[in-house]
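Residue strings, one per chain:
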Amino acid sequence: MENLFRRYGATLTGAFVVLTAFWLLALVILPNITLFEASFRPYLPVVDIGGPRDVYSLNNYRLFTANPVDVSFLGFGFSMPIHMITFFNTVIFSAIVTLITFLMTYPLAYYLAKTVLPQTLPTLILLLFIPLWVSEALRAFAWYIILAFDGPLNAVLAGSGLVEKKVRWLNGVVTAYDAIVIGLVYTYVLFMLFPIYGSIQSLDRNQIEASEDLGARWWQTHWRVVLPHAKPGIASGCVMVFMLSAGSLLVPSVLPSTRSNWFTQTIQSYMLESQNWNAGAAYSFLYILLCTVVVTLTMWAFKVKLSEIAK
Amino acid sequence: MSAAVELDDVSCDFGRFRAVDHVNVAVKPGEFFSFLGPSGCGKTTILRMISGFTNPSEGIIRIGGKDVRGRRPNQRPTALIFQNLALFPLMPVWENIAFGLEVRGEDKARRRAKAEELLRLVDLPGAEDKMIGQLSGGQRQRVAIARALAVEPQVMLLDEPLSALDLKLRQHMRAELRAIQKRTGVTFIYITHDQGEALAMSDRVGVMSQGRLQQVADPREIYNSPVNGFVASFVGEMNILKGEVEQVADGFASFATPHGTFRARLAGDARGAPVKLYIRPEHMVLGADDGGENAVPVTIGDIAFEGNFITVSATTDTGAQLTAELRNDGVARLPEGGARMAMRFDSQRAMILPDETARG
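Protein chains in written order, with my numbering: chain A, -7 to 303; chain B, -17 to 342.
Source of the hints: derived by calculation from the structure; they are not laboratory data.
Careful, some of the hints might be misleading.
Unchecked claim - Here are the simulated distance ranges between beta carbons:
no.	chain 1	residue 1	chain 2	residue 2	range
1	A	L241	B	R54	47 to 53 Å
2	B	S39	A	N163	54 to 60 Å
3	B	K48	A	G151	54 to 60 Å
4	A	Q260	B	K90	51 to 57 Å
5	B	K48	A	P220	31 to 37 Å
6	A	Q111	B	K90	40 to 46 Å
7	A	G153	B	S39	44 to 50 Å
8	A	Q260	B	R86	55 to 61 Å
9	B	K90	A	R209	17 to 23 Å
10	B	N6	A	F294	52 to 58 Å
11	B	R86	A	L118	41 to 47 Å
Said to hold, decoys possible - DSS-like cross-link-like pairs, simulated, lysine-lysine; straight-line CA separation at most 30 Å:
no.	chain 1	residue 1	chain 2	residue 2
12	B	K112	A	K297
13	A	K223	A	K297
14	B	K112	A	K295
15	B	K112	A	K223
16	B	K90	A	K297
17	B	K90	A	K223
The beta-carbon is built from N, C-alpha and C at its ideal position, and this holds for glycine as well.
Bound-form chain A, shown alone:
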């Protein structure tokens, strides 16, 4: 602060502080406080707002546990509130997206960090970045076209005789969320790659060689030396991909099947379709809270400390 003052003078420093404070207060903190407050109030016609019916309650949050429907999972039949089903589906498939991106990027990150020649590395990194130049929406639509019934994937598969009949990929082959998982993996894969790449890169090559010299096979070296070292990078990659996937609205909207529903879509339908900002706000805060709980529990299970991720 003192340096800033000395360098730019009182006027400019004051302008920096005021602008930053305005941005934080007016565009981040105040809207959130407004929504938080709104989440405890009922959804009322305009004339009733501020009237006797406008009282604080947890009713918006209770909507989450309303409307139970019968479901069966792994052969067990039970009933569960419909939005809770959406929530669990979102969390489970976000976790699957996270797992797939990890399995895809770990070998690649190791290859980039430890195997590739230094002179070819920039080219490879550039190749990885090129898809990012296209907007997220276009990339999701690209997958919509690829997976479409009369799209290129079916054309190639049917044309080469690998499948007899064209497949309805967008409707889901394994689960109702296939296309969403594919789209999310593609969208967020680099958020997993780079933290892992960074953490593996900081591993001294001698550690890998020492492990091999002591008789370890390649998987033993990875399990005992590389993976433990890369754990903070893996953890931050996983947190990012999980939270981004769980919070994605675009991909689940562009690549849905008839049976898929993402929790962000539930919030969106409250906010935009029913104009019920109160319930939408309640769901948003509940969602942040629940996702944080999921992440915290996972980190605890894998013995990852927050301070390690922040490194």
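Fit chain B to the supplied structure of chain A, relying on the hints for placement.
Below, chain B without anything else, positioned relative to chain A:
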């Protein structure tokens, strides 16, 4: 437990650069052998070829008589101690030491017992559960040695492991390493650019320059009878005089220089090649300038008092620099700066050596 290591005409190229050039050497079982040379001379490449991280471009490496070509480091009976030790910072000491046993599928109780036994061997009992970050430099050294010994290697390869330690600890660890080697009987191959280390610890030393092995001999012979100018001036200090060989008789030659003509030992293969005269500073005797054989009149320059010895620099009349190293016996009178004196040397202790290294 210990095996011979043979390098049979081994070369190694990195692109156009020849890092190791037709090296032939046979390290005996149980021997403490050092490769000594300046950085970039190829000694680390030799170590990496023996351990299996680098493949020779030509030639054969045999460990215990068996050609090890195509065998990965994890299939060779060698253990490498890295320059930076490469201990695993996320494992406690005992897991570090027992790592080689763990990957071989030994059960936990035996691993722990072996780690404790080895920690006693390297004189670090009770450190089992410490983390690497809690250890001092010397303690880390010991853990690295224990970790390498745990896999019961037939050959230990050491890549300048003492270079990061301070002087006192380094001298202590030299003796320690030597003692551990004698106790275990394992063949040690040691890489260093520190001639003191190589001479003090080794049974034999191989001096390297520019990828070539210049001389393989025991430390005394390396120091007292170097085969060429490179070995002579890399190992220890040397006064070097340029000149020409004149008459040769009985292994001695008279050597004409601008500072006078001297008699000195002539190395067998010095004929024909460009040669120089080499005299160790500690073999120079300082006295009055009154002529005689092998005396160079000089003007005394700087005098450096180093404690156990005194280094006297002097300039000849033709401008060459000479150094004499005098033992500090506590009573010797120091010469005065600027004084006219003579430096003398025994013809037995002066050598005429080929100037070039063995590069053909």
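Structure-based check of each hint:
Checking the proposed 47 to 53 Å range against L241 of chain A and R54 of chain B shows it holds: the Cβ atoms sit about 50 Å from each other. Between S39 of chain B and N163 of chain A the beta carbons are some 59 Å apart, a value that agrees with the proposed interval 54 to 60 Å. Range check, K48 of chain B to G151 of chain A: about 55 Å between beta-carbon atoms, so the 54 to 60 Å window is met. For Q260 of chain A and K90 of chain B, the Cβ-Cβ distance of about 54 Å falls inside the hinted range of 51 to 57 Å, so the restraint holds.
The hinted window of 31 to 37 Å between K48 of chain B and P220 of chain A holds, with their beta carbons roughly 35 Å apart. Hint check: Q111 of chain A to K90 of chain B, Cβ distance near 45 Å, so the stated range 40 to 46 Å holds. Distance hint for G153 of chain A and S39 of chain B: a CB-CB separation of about 49 Å, consistent with the stated range 44 to 50 Å. The hinted window of 55 to 61 Å between Q260 of chain A and R86 of chain B holds, with their beta carbons roughly 57 Å apart.
The hint said 17 to 23 Å for the Cβ distance between K90 of chain B and R209 of chain A, and at roughly 19 Å that hint holds. In this structure, N6 of chain B and F294 of chain A meet the distance hint of 52 to 58 Å, their C-beta atoms being roughly 54 Å apart. Checked against the given bound of 41 to 47 Å, the beta carbons of R86 of chain B and L118 of chain A, roughly 43 Å apart, stay inside it. Only pairs whose Cα atoms come within 30 Å are accepted, and K112 of chain B paired with K297 of chain A is accepted, the gap being roughly 21 Å.
With a C-alpha separation of about 10 Å, the suggested pair K223 of chain A and K297 of chain A falls inside the 30 Å cut-off, and the hint holds. Distance check on the hinted pair: K112 of chain B and K295 of chain A sit about 20 Å apart at the alpha-carbon level, within 30 Å; holds. As the CA atoms of K112 of chain B and K223 of chain A are separated by approximately 21 Å, the hinted pair is consistent with the 30 Å bound. Between K90 of chain B and K297 of chain A, the direct Cα distance comes to roughly 27 Å. Compliance with the 30 Å bound is thereby established for this hinted pair.
Between K90 of chain B and K223 of chain A, the direct Cα distance comes to roughly 24 Å. Compliance with the 30 Å bound is thereby established for this hinted pair.
Every hint from the earlier list agrees with this structure, and none is contradicted.
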